[in-house]
Amino acid sequence: MFRNYFKIAWRNLWRHKLFSSINIISLAIGFSASFVIGLMVYYDLTFDKFHPDSELIYRVTTSHISNESESSNPGIPIPYIVEAKKNISGIEIASGIHVAYLQKVEEEINNKIFRNPKYVVFTDPEYFKIFSYNWLAGTPETALNAPNQLVLTKNRAEKYFPTLTLNEIIGKTLVYNDSIQTTIKGIVANFEQRTDLIFEEFLSIETSKKTNQGSNFLNPQWDSTNSGDQLFIKVSNPLVTQSIKEQMDVLAVEHRSDWEIKYNQKQSFNLQKISDLHFNGDVGIFNFSEEPADKSVMIGLGLIALFLLLLGVINFINLNTAQASQRAKEIGIRKTLGSSKKQLVFQFMGETFLLTLASAIISVAMAYWLLQVFSDFTPNGLSFSLFKDPLIIGFAVVLIILVTIFSGIYPALVLTQYKPISVLKNQVVSKTGKPALRRFLTVFQFSIAQVFIISTILVAKQIHFMMNKDMGFKTDAIANVQTPWYNNTEEKQVRFEQELKKYPEITKLARGGRTPASFGTSTTSVTYINDEGIEIQTPLQMIRGTKDYIDLYDIELLAGRTTLNDTIKELVINETYLNILGFKDPQDVIGKQVKRSDELYPIVGVVKDFNQRSLKEPINPLALVGNWDGAFFGVMHFTLATNEEISMAATIAKIETSFKSIYPEDDFQVNFMDDTVERFYNKEQSLSKLLNWAMGLSVLISCLGLLGLVIYTTERRIKEIGIRKVLGATLSQLNVLLCKEFLVLVGIAFLIATPIAYYGLTKWLNDFSFKTNLSWWIFVLSGLGMVIIALAIMSARTVSTALKNPVHSLKTE
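Under this note's numbering, the sequence shown has 524 at position 528, and the numbering climbs by one with no breaks.
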């Protein structure tokens, strides 16, 4: 019986090859998108869930609260780490980790030097009690409980000592920064599961006091938070987390500094599940971590997959119900021969299953291609392996079953409603399902496609706006080279600066800190007392540079002058800070003083506002200063000549030669300002690429469904077309007759999609401080584009039908 069902199902699919192909292609696109996006969502959701008792492990983060704002930090003041270990009830184990910034490490056998080791932390033995590592050599009981002790992962141990066994590596020495001698006490296996805890080298806490980070531990401050100082805890029960938070908040009140009281600021603490680290973009993970996953992006990707799958299901329902009358006699004969409604439904569901299974098989090949399409959204190392992960197989099976049910149940019920007597007497009334439902589904299809089209145009417009907006400073032909942080001196920096001045290809040169717009920020708190005696306390961003910095970046000076030299404590402020201070005329603020750490600093100039980060961010109050606070001043900024006769590559090679002559052991890297600006918008450009594909696929699926309905309609009305043509109907009249209903549906879809797209895109644009307009022409262009595409598809079929000789369609009458 089952063999017969499948044989008949295969014959029916083969008999209607065009409609079967449309259904298979539509569903295959939806399946492949669902597989890939489902894999991406599963990948992100499984981070750090493999730890034993993971539901009991938390990270404690800090919130800094003031009257005007609240900011979050993944770090925590060090005294709270001490308190968590001793005096806070509900905490079973507490461990502090402190991200290390070390410049070099040397192994003892061949004295080989490794520069800038990554993923290095200072921590304590409790870390290995919270997180279960597999110890390959050494024991956790004796590791990290004394100064100068070190634990390595297997990968890092084999990198440093490739010729030794793991047991032979125990007891060997690594020297950090030429002075910190450590002994290897343990080797652990790298986590094979997905984790954000990607540390490779663990140094004991006591060792940190011998580095330039040691001041954090020797003089801990209750109100000093560093994002690299983090606290992980294991609790006795998830119900005690609120109590732990309250105890820590009480400590924050008890140890509130005079500075915090004066400016009405305070600290509060939050407990974050270890499995939520991967999603907390607002707080951050670690300084070396990749971009955190974004749940809103995951939801958006999920909706795209769902909509593409729905479009395929709608095509199946529409085309199968439209064809129902063609199978009326088959159904009548089967019912006459004794087939029950249940058996007929089972047969038609079997046909649906075969078609769905074929779509799923094809979609596996398409999934590998879609992984490349979604590469900007996929994490490194993510691959589609259908037969390796049982969860992926389970997801695929469930998806096939659900699609089979939702696609096949309604057409099957429609097909089984025919009465055998009426069918066999040729008295059947065409039952093709409710036309209203088919129209609704068609409108739904094109509404989704219209939303994607409108969104794609708007996102492209916003990206064009951001990439071409004047940020308030020059970006073309400007580059910078950062000198090393470690073992660097003022004398070396000046030598490098003098070397660069020798090259005629470098037209302007300045030394300083970060660029005018960058991913990092440096902020200090300053106070201005106005004429009424009111204190205006402001977090002020600082950009450090020599007196040539403003001229090099072509930042417009509105009043006053630049700083005279690098050591005089003067400020050049921007318009935003000028307005906060209550001045309208930039000239009026010249000579005023602001206070920072009980010192007064004169304002000597005002520059026009410029964007310090991406256009998503507002312009913050800012001051351009010299090098009077001892901050890093080793970035060389320079303008390159754009003469066609000058080779950019040759110029960079000269700069590298000068760099290596002063810093022979350090890596050289040149950064171009326009590349930095472009990186601000990587996420938006990835979104634009995704929407382009989503738009293309949704329009393709919708148009395939429309083509199928038009083919069915023209075939059903072929005799009517012949009669109208004999009676004098023109080609254009016939085309309008056949296309009119579908064009109305496309128009209704546009009317539905417009307010939905307007609402969603307005919310999206609100995330940007600087944004383009949601112009009326975007909607008009989208609507006209969809109408033209639909009309072209319909006309291609209707015109070919109308051009046929009416004799062929009427000869049986």
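Since the hints were derived computationally from the structure, they do not count as laboratory data. Ideal placement from N, C-alpha and C gives every residue a C-beta, glycine not left out. Incorrect hints may have been included.
[As the list claims (entries may be wrong)] Okay, the calculated beta carbon distance ranges per label pair: (1) F110 x P598: 43 to 49 Å; (2) I530 x P598: 17 to 23 Å; (3) E188 x K125: 56 to 62 Å; (4) R675 x S728: 52 to 58 Å; (5) T135 x K488: 16 to 22 Å; (6) D594 x P660: 52 to 58 Å; (7) A185 x P598: 56 to 62 Å; (8) F342 x L747: 30 to 36 Å; (9) K338 x A432: 38 to 44 Å; (10) K488 x I105: 29 to 35 Å.
[Said to hold, decoys possible] With a Cα cut of at most 16 Å, we get these calculated EDC-like pairs of lysine to aspartate or glutamate: (11) K100 x E661; (12) K656 x E495; (13) K168 x E154; (14) K81 x D40.
Pairwise beta carbon distance, E188 to K125, judged against the given window 56 to 62 Å | With Cβ atoms ~21 Å apart, the hint is violated.
Is K100 within 16 Å of E661, Cα to Cα?
-> holds, 10 Å
State, for the Cβ atoms of I530 and P598, whether the hinted interval 17 to 23 Å holds or is violated.
-> Since the Cβ atoms of I530 and P598 sit about 20 Å apart, the hinted range of 17 to 23 Å holds.
Outcome for the supplied range 52 to 58 Å, where the beta carbon pair is R675 and S728 = holds, 53 Å
Holds or violated: K81 with D40, Cα cutoff 16 Å?
-> violated, 31 Å
Could you check the hint for me, namely that D594 and P660 are 52 to 58 Å apart, CB to CB?
-> violated, 43 Å
Indicate whether the distance between the beta carbons of F110 and P598 respects the range 43 to 49 Å.
-> Roughly 47 Å apart at Cβ, these two residues keep to the hinted range, so it holds.
Please test the hint of 16 to 22 Å on the beta carbon pair from T135 and K488.
-> Distance hint for T135, K488 is violated at roughly 44 Å.
Pairwise hint evaluation, E154 against K168, where the allowed Cα distance is 16 Å at most | holds, 12 Å
Within a Cα-Cα threshold of 16 Å, do K656 and E495 meet the stated pairing?
-> Within the cut-off at roughly 11 Å; holds.
So does F342 sit 30 to 36 Å from L747, Cβ to Cβ?
-> Hint violated: Cβ distance 41 Å, outside 30 to 36 Å.
Does the Cβ distance between K488 and I105 fall inside 29 to 35 Å?
-> holds, 31 Å
Comparing the model with each earlier hint shows violations of hints 3, 5, 6, 8, 9, 14; every other hint is respected.
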